[in-house]
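**Student:** Sequence:
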Amino acid sequence: MEPVSIKEDLRLFQSTLLQDGLKELLKENKFVDCILKAGDCLPCHRLIMAACSPYFRELFFTEDGVEKKDSSREVVLENVDPTIMDMIVNYLYSADIEITDENVQDVFAVANRFQIPSVFTICVNYLQNKLSLANCLANFRMGLVLNCPRLAIAARDFIAERFETLSTDEDFLDFDAPELFAIIGCDALNVEKEEVVFELLMRWVRKNKENRTTALGDAFDHIRFRLLPEKYFKEKVEKDDIIKADPELAKKLKAIKEAFAGKLPQDKEGENGEEGGKVLPGYLNTSKRLGMFNRDLILMINDTAAVAYDADENECFLAAMAEQIPRNHVSITSKKNLLYVLGGLFVDEDKESPLQCYFYQLDTHSPNWIALPPMPSPRCLFAVGEFENLLFAVAGKDLQSEESLDSVLCYDVDKMKWQETKKLPLRIHGHSVISQNGLVYCIGGKTDENKTINKMFAYNHKKSEWKELAAMKTPRSMFGAVVHKGKIIVVGGVNEEGLLSSSEAYDFGTNKWEPFSEFMQERSSVNLVSSAGVLYAVGGFAVQENEDKQYEEDKKQWTGMIREMRYAAGASCVTMRLNCSKRCLNFKTS
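Under UniProt numbering, the letters of the sequence shown match residues 1 to 590, in that order.
Calculated from the structure, these hints are not laboratory results.
These numbers were taken from a predicted model, which means no experiment stands behind them.
Virtual Cβ for every residue (Gly too), placed ideally from N, Cα, C.
Treat the hints with caution; some may be incorrect.
[To be verified] Using 30 Å as the maximum straight-line C-alpha spacing, the simulated DSSO-like pairs for lysine-lysine come out as follows:
#1 Lys512 to Lys455
#2 Lys193 to Lys263
#3 Lys244 to Lys257
#4 Lys209 to Lys239
#5 Lys234 to Lys335
[What the hints assert, rightly or not] Cβ-Cβ distance ranges computed for the label pairs, FRET-style:
#6 Pro515 to Gln419: 36 to 46 Å
#7 Lys239 to Ser287: 22 to 32 Å
#8 Leu77 to Gln419: 50 to 60 Å
#9 Lys239 to Ala470: 44 to 54 Å
#10 Ile6 to Asp221: 51 to 61 Å
#11 Ile153 to Asn103: 19 to 29 Å
#12 Thr559 to Gly498: 21 to 31 Å
#13 Phe541 to Glu170: 47 to 57 Å
#14 Gln400 to Ser94: 47 to 57 Å
#15 Ser94 to Glu58: 23 to 33 Å
#16 Glu58 to Lys263: 57 to 67 Å
#17 Pro367 to Lys288: 20 to 30 Å
The task is simple: from the sequences and hints, build the whole structure.
**Tutor:** This is the structure in structure tokens:
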């Protein structure tokens, strides 16, 4: 056995022996020389309390380390929950304590008050591991109040990562000025527009206008006004009643306007905040926030990983591992840039239930998959759309009965609940669904009679009705569909005649379909995505070897772009805004 291992075993043995002995002494009430009075009487040993807490060490000993002879056997602890104090004392003897969401703040506060670092650290670790959208703001404030930088920094970073989502949280409006400024002054804010930061600040001011208006002067140093659109600055900042009423702010507004015109303070001129060794005031700062580096990427999700493709750099980035995601799932990116993956089918695998009801959301900050309430019933060959905070799983096929479905499952993102909504007018599978202008469009598909259809229906959730619209020129199923430059584009697919290469475009204004540039080869199950104004066709099944295509607007034709991009095989594809600067793993495409 290695010497280090022997020493560790000896240390552990002695620690366990000592701990068990102390517990036994306390249980038998031997050598007890201290009673903590916190409502209840808690017997303990002064030596143990002094060894574990500087507070009690100072209480029982002089600065010279001599025991205070006149100190009372009883120690009265005012305003302390006896249950919490009993838990802490028991931990000092047993190293066992049950921390929960309900008691962690109380235990944390008592451990801080009586300077018990071991319990304090346990609470900090618990709170860090449990950080969520619901508690991060409160934990940030608690970290500051209890002078715990580790918790405050962890909570601040968590808030910064999710600032776009949290910026509307009412708890922000209860922050003190230094607390708010510590957040909104952060470079790491995951926010794409500075307008969001400014609007939060003004809501905070208006919550308590009388007392907070005077803080605007300092607050201005944490807003990067030169990152605002100049039109927005003129209409929303200069014309704001509270800002106009402050003569000191008028000077700063003048400096910002001059900076927009290219004129910076003469003795502090500089690009990105510096010139000649001098730093510009915060309100003239032009350093971008972290979220301003977000870009439109193509995300390919298969049963191994979610891979983001950057078309400009022709590079792929690992967004998340995805071993728990089954093949043949359906994915959708919501208007709020949230990625959801639904369903899936295990093929040629030893599974009792090959068809799955799985429902996941990608947490791009972790990055991990968050399990959501599964669909009430499994289905395949369905499609998904959205309206406001609702997701719709439309029609599909039941593998057990081998029948197509007309049911529509509706998931409420806020309530995290599924329910059925208005059924589709006919039973289909292998169709496509598009969401646009507050409506959910269901296009094409195949019936139980193996008849491919060209019909299109639009669902109005507010009216709970499906309405039939203009039909496609060509019946098709298993095709790609996407909204690109204000029109629905459909490409490829299959019908009774075989694989298709034809494409069509639907005009929302005229309710008409028109021919679109024919695809370069016949292909089914192709993924169509529109990213940064460019139309892409990814993956699918064809007679010839797959190529991923890009549509050239000026030439009105498709061009080959990436060959053998292995991540696209069997993947679902969506567009999503992601931050490339945070991706640590990247690899060139072949």
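**Student:** Is the Cα-Cα distance between Lys193 and Lys263 30 Å or less?
**Tutor:** Roughly 23 Å separates the two Cα atoms, so the pair holds.
**Student:** Per the hint of 23 to 33 Å, is the separation of the Cβ atoms of Ser94 and Glu58 within bounds?
**Tutor:** About 25 Å separates the Cβ atoms of Ser94 and Glu58, which means 23 to 33 Å holds.
**Student:** Is the gap between the beta carbons of Phe541 and Glu170 within 47 to 57 Å?
**Tutor:** The hinted range 47 to 57 Å holds for Phe541 and Glu170, with Cβ atoms some 50 Å apart.
**Student:** For the pair we were handed, Lys244 and Lys257, check the Cα-Cα distance against 30 Å.
**Tutor:** Distance of about 14 Å is within 30 Å: holds.
**Student:** Check whether the Cα positions of Lys209 and Lys239 lie no farther apart than 30 Å.
**Tutor:** Holds, at about 17 Å.
**Student:** Should the hint that Leu77 and Gln419 are 50 to 60 Å apart at their CB atoms be regarded as holding?
**Tutor:** holds, 52 Å
**Student:** Starting from the hint 20 to 30 Å, judge whether the C-beta atoms of Pro367 and Lys288 obey it.
**Tutor:** Holds: the Cβ-Cβ distance is about 22 Å, inside 20 to 30 Å.
**Student:** Return holds or violated for the Cβ distance of Lys239 and Ala470 against the range 44 to 54 Å.
**Tutor:** holds, 46 Å
**Student:** Is the Cα-Cα distance between Lys234 and Lys335 30 Å or less?
**Tutor:** Status holds; Cα separation ~28 Å.
**Student:** May I ask you to test the hint 22 to 32 Å on the CB atoms belonging to Lys239 and Ser287?
**Tutor:** With Cβ atoms ~26 Å apart, the hint holds.
**Student:** Just to be sure I understand the hint, the distance between the Cβ atoms of Pro515 and Gln419 should be within 36 to 46 Å; is that true here?
**Tutor:** holds, 40 Å
**Student:** Within 47 to 57 Å: is that where the Cβ-Cβ distance between Gln400 and Ser94 falls?
**Tutor:** holds, 54 Å
In terms of the numbered hints stated before, the structure departs from none.
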